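K.L.:
Residue numbers (our numbering), protein chains in the order written: chain R, 76 to 359; chain Z, 76 to 359.
Watch out, some of these pointers could steer you wrong.
Put simply, identical chains are the same to the list, so a pair is met inside one copy or across any two.
[As the list claims (entries may be wrong)] List of simulated lysine to any residue pairs, SDA-like, C-alpha gap at most 25 Å:
| # | residue 1 | residue 2 |
| --- | --- | --- |
| 1 | Lys110 | Pro159 |
| 2 | Lys110 | Arg177 |
| 3 | Lys110 | Thr171 |
| 4 | Lys110 | Arg187 |
These are computed hints drawn from the structure, not numbers from a lab. Predicted model only: the values in this text are computed from it and were never measured.
Protein chains: 2
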Amino acid sequence: MSEFDRATQVSERPRVEASESPSGDGEPLDGRTPKRRIFDARVHDGWDIGGPANGGYLLALAARAMAASAGRPPLTVTAHYLAPVPPGPIEIVVRTVRLGRRMATMSATMIREQAPVLEVLGTFAEQSDAGVQLSTGAPPDLAPYDSDEELVIREGVDVPALQRRLAVRLRPGDEGFALGRPTGRAEIAGWFAFADAAPIDAIGLLLVADAFAPPIFNSGLAMGWVPTAELTVHVRAEPAPGPLACRFASRFVQGGLLEEDGEIWDVTGRLVAQSRQLALIPRT
Amino acid sequence: MSEFDRATQVSERPRVEASESPSGDGEPLDGRTPKRRIFDARVHDGWDIGGPANGGYLLALAARAMAASAGRPPLTVTAHYLAPVPPGPIEIVVRTVRLGRRMATMSATMIREQAPVLEVLGTFAEQSDAGVQLSTGAPPDLAPYDSDEELVIREGVDVPALQRRLAVRLRPGDEGFALGRPTGRAEIAGWFAFADAAPIDAIGLLLVADAFAPPIFNSGLAMGWVPTAELTVHVRAEPAPGPLACRFASRFVQGGLLEEDGEIWDVTGRLVAQSRQLALIPRT
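Use the sequences and the hints to build the structure in full.
P.N.:
Given below as structure tokens:
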């Protein structure tokens, strides 16, 4: 079992039928008892960015429970971040919104010490290969991935714990923000891989979508904690085995907020995910 | 009251305290009774695209109830579309996920004839003007808005009912898809305004985000119904009075799905919203 799989393990509690639940187990929206399942899990140490767990990691944890309930992998998921989450036990309450033939829509609440810390809404479905194809984008221009190369920003700078689980290789120059030499452009690109070379599936892509430093750092406008308000990831294909070529960019900062768009490509040059988040810009 | 305001009116039902509700009124996630409010509304005729109501209109309806509950306008909302919705009465069940000082996170289920048809998760907050600004984008290059000009595609083609409520002015050439002359590029730009010249607020922006024909039509690859699976809108500023310059584009079609990205700008050249949806490509 890979480090990531271990760190995103969830364990379902024995189900209690709604009729047996003394408190009344949910909302009879459609005249039937909604399906609601509760999972226990743990926010593991070492998937943090200086304390609070990484947002993509938290989304992957929640999606693991949702995918188990849906019986299929994530297609499009949106997380709203309610509070920073330190390591420790959590529970994930998963509700079935609608089970369709191809698509299943689920919602989930991650709860820590009785308080909601993450709310997720997602639709889950197997990928299909059918039909019309169009691509008017391309992966970032990166030198071939070299697993022996050391992570450039590891030298002389404080690296978030998360990065020690990963084997990210930034595009040369894009590490500039960490060395006091931002590129002047709110963009960061590079290869993503797990340090233990584990394969990356649809759940893993949710981590990838938030695993790079905020591209705004390279604008030179801001450094600091960039808390995510909302993150949406579209899984567009099952990745081929190997590292992933990623590019993240912010184009608009206004009203104390910025968006961050991500594209994630597999080694065959196929787009495997798109992401967008709305985040708070660090106070300067 | 404008046509849009009338068509998105919601009316809250008298609240029943959870303790008085015989069925048990929800999930005591955090040890307290969750705030849950129920609104009655109506999917009005004439906001459809050949039968089912427009997705942006449905999102606006749900967000109207959520914003009323949150006491602030939408900042980022995500809707998952569960079923086509014809005109008629609906109910909207709004739950408070978390009420913060600036941000309030809410979820909502739109229900028609006892079945969920739309699920929404959103964070609501007033816009702020503070801090660092960055913009590396620009509105589409459009001739000045002329409210006297007739909608080009009204001549000789079947126009969805929705468009009769609006005064959309497409960029010359971008109506080509409707005349059998697609531009060859999956992009559509133009001005958005209401036919009754009503002002456009944050709720209105949710309609705008889905009010143009699917840009994929101009690729020449596909025509037909493009059902939205998921739509996320980030409101980035309160629009200045006047029409809005909009650009929608699809870059990737694969696995039977496509994304559609939108940028919405006000007349002062300020970005007021970004949108992205994941939709099913028409079967050809």
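K.L.:
Against each hint, give a clear statement of whether it holds in the structure.
P.N.:
Results for each hint:
1. With identical chains, the CA atoms of Lys110 and Pro159 are at most 25 Å apart between copies only, with a shortest distance of 23 Å across copies and 28 Å within one.
2. Within a single copy, Lys110 and Arg177 get their C-alpha atoms as close as 18 Å, which meets the 25 Å cut-off; across copies the closest is 33 Å, which misses it.
3. Proximity of Lys110 to Thr171 under the C-alpha cut-off of 25 Å is found in both arrangements, the shortest distances being 5 Å within a copy and 20 Å between copies.
4. Proximity of Lys110 to Arg187 under the C-alpha cut-off of 25 Å is found in both arrangements, the shortest distances being 22 Å within a copy and 19 Å between copies.
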